[in-house]
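S.K.: These protein sequence lines map, in sequence, to chains A and B.
Residue numbers for the first sequence follow this note's numbering, so the first one is 41 and each next one is one higher.
Residue numbers for the second sequence follow this note's numbering, so the first one is 41 and each next one is one higher.
Calculated directly from the structure, the hints in this document are not laboratory data.
Each hint should be verified, as a subset may be incorrect.
Since copy identity is lost for identical chains, a pair holds within one copy or between any two.
Capping the alpha-carbon separation at 30 Å, the derived lysine-lysine pairs in DSS-like fashion look like this [said to hold, decoys possible]: (1) 400 <-> 127; (2) 85 <-> 212; (3) 73 <-> 45; (4) 165 <-> 91.
Being a predicted model, the structure only gives us computed values, none of them experimental.
There are 2 protein chains.
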Amino acid sequence: MKDFKYYTPTEVVFGKQSEEKVAELVKKYGGTKVLVHYGGQSAIKSGLLDKVCGLLSQEGVEYLMLGGVVPNPRLSKVYEGIELCRKEGVDFILAVGGGSVIDSAKAIACGVPYEGDVWDFYLGKLHAEVCLPVASVLTIPAAGSEMSESSVITNEDGGIKLGYSNDITRPKFAIMNPVRTYTLPSYQTAAGVTDMIMHTMERYFTHDDDMTLTTEVAEAVMRTLMDSIFAVLKNPEDYRHRAQIMWGGSIAHNGLTGCGVADDWATHQLEHELSGMFDVTHGAGLAAVWPSWARYVYKENVSRFVRFAVNVMGVTNDFTDPEGTALKGIEAMERFYHAIGMPINIHELIGRDITDDEIKEMARKCSRDYKTTQGCFKVLNHIDMETIYQMAK
Amino acid sequence: MKDFKYYTPTEVVFGKQSEEKVAELVKKYGGTKVLVHYGGQSAIKSGLLDKVCGLLSQEGVEYLMLGGVVPNPRLSKVYEGIELCRKEGVDFILAVGGGSVIDSAKAIACGVPYEGDVWDFYLGKLHAEVCLPVASVLTIPAAGSEMSESSVITNEDGGIKLGYSNDITRPKFAIMNPVRTYTLPSYQTAAGVTDMIMHTMERYFTHDDDMTLTTEVAEAVMRTLMDSIFAVLKNPEDYRHRAQIMWGGSIAHNGLTGCGVADDWATHQLEHELSGMFDVTHGAGLAAVWPSWARYVYKENVSRFVRFAVNVMGVTNDFTDPEGTALKGIEAMERFYHAIGMPINIHELIGRDITDDEIKEMARKCSRDYKTTQGCFKVLNHIDMETIYQMAK
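Start from the sequences and build out the full structure, keeping to the hints where you can.
M.R.: This is the structure:
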């Protein structure tokens, strides 16, 4: 078992009435001039932005707005936000949206007080010591960014997608109203749940088999998410299951499912190259690559894959054939992905064959020009990466 | 499903090296003059106090010490601490010990800046707006106070034991080194685990059956604790299972197992009168009263007790006889209590028959002179309380 830190200071206000608290919470956490950061039209159309801004005005909190954050959020938008915040003296960033908007908000928050280029943090050149406070009104459960310390930004210059983790960027509060997710399209809902489950799996597939408490909690989270997604695909206005997905997305990525275990993240890294190159939905990209990753690495710890097959996927344990049981768990996961409309390979993801050159290019980027490995369940070099991409074609 | 708030800002530093961080963390959270609060001799004998104080000195953090906190911590000690902190200008309270020491620290923290009697908060007369920062080096996992917002104090004047909850008292950090719990006696270890499981059960037995995510997580926590206690009773130096018990105690009571459900707490309230009157170990008192509470209330939601029996206690589900399955779950819990050395009734707890007058007196106190009900799974008035105490004789 690994020593660990667990730190989730975000105040979660969850439920149908949660939005009413937004201005009170902004003030509680010191916001006097707020950047309301958002994505596209849905937050406007739904009336949510109007509501949030109305409540801020009522309570005498100044605000300005910056929209236009896109999935796989762009560094250029981050620069725009930093400039705006500096010019207007913003002291609090409120993200109204999903993971992309929150990630963009975190990057802006780190960039405002830093004299250099905010991209330095993502390049690992140095660590931010201070940042503006960030908070969110969550509308798309998936990334878990509403409680996490991490953000992922895409630099359009070269299509480079990098993550940055820093506890000071953990949101001060997260307002979660499951009703706001009723209008999410099926594809986005399913991709979100795929991402949540992957956040759990990245920690679940570990060699630290002795932390049963974390393992059991992780299994509980995965089973519940797998049950709830079918309910909401059938009835998008199913509050119970929308709520479980929303809360499940947070606890899948706030650190709880990783206490005491070494986490892997190779699948995420492999996917970042896919969405960096093809601008696909992150969750769908994960589904396209995970089965191949799993088949490539499962022999590193067969019993862990057997446990996953039996306790999460409901596969009958063939005690005489652990490897067979493990592989059946991976197949069951592929059936699950298909059942919720997710791809299980790159062809299904991008709608055409990927070329060998594209695969080589992704492996080059994922290995940072052949200099870096990824993952720790099995440490992957650029040749392993190429092989997995080939298996996932 | 209930709307909920989830707020666990405590920075948990967990593992064999965790104590090394104590001075750094005190400084991070603003401590310059620290009251090191502790219980009896064990923290001295083990060398832990010396280590903590040595690290504080090394980092130039001033401190003074106040020991002598007893189980079911006393109001008189709280008064002593408040006076000392005021006199010496203490700005941070570091509890080195278990739940009693942390609870006492929280009470002192609220009392120092308050001009009136700190007992006012426990009587519900008003709510504390400010308090000194509290943190802990945990040595006895049980109460979950290291991450919780609550504390329980006994006023010797009348043997009145009351709890007080306030988010501002949540500890800033909690240092948890499972090795420090190797020397805990079996009885105390078992009583601690009983308390943790009860913290989960108080939230698990609910009419909010629709929050499967919370339910599954709660079951995971209970199953793991039940597994780990047998391992440590067999081998007190089993790091893996000591660690799971230590972390299990925190997540059993930090709010996670109650998200979206109405919680009950009647068993805790019934027990507070037992430990108030007989000064018994809290966890043992809970074991003595829970089976009778369960038999008295299970018909309010039989399916919940069936779920508990099957998913937590491993009872085979007799689908033709839900009530029979439910009752088998309660019996299995009694066998578990006995197997870990806990009582299952008051006679076993106090070593003699309790008198009818004593029962009436406990029911009077538990109902605050017949004015208050307890619980919500089934709302209990003083007659219900008397009946449960009689059943638990």
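S.K.: Among the hints numbered above, which are violated by the structure, and what are their numbers in rising order?
M.R.: 1, 4
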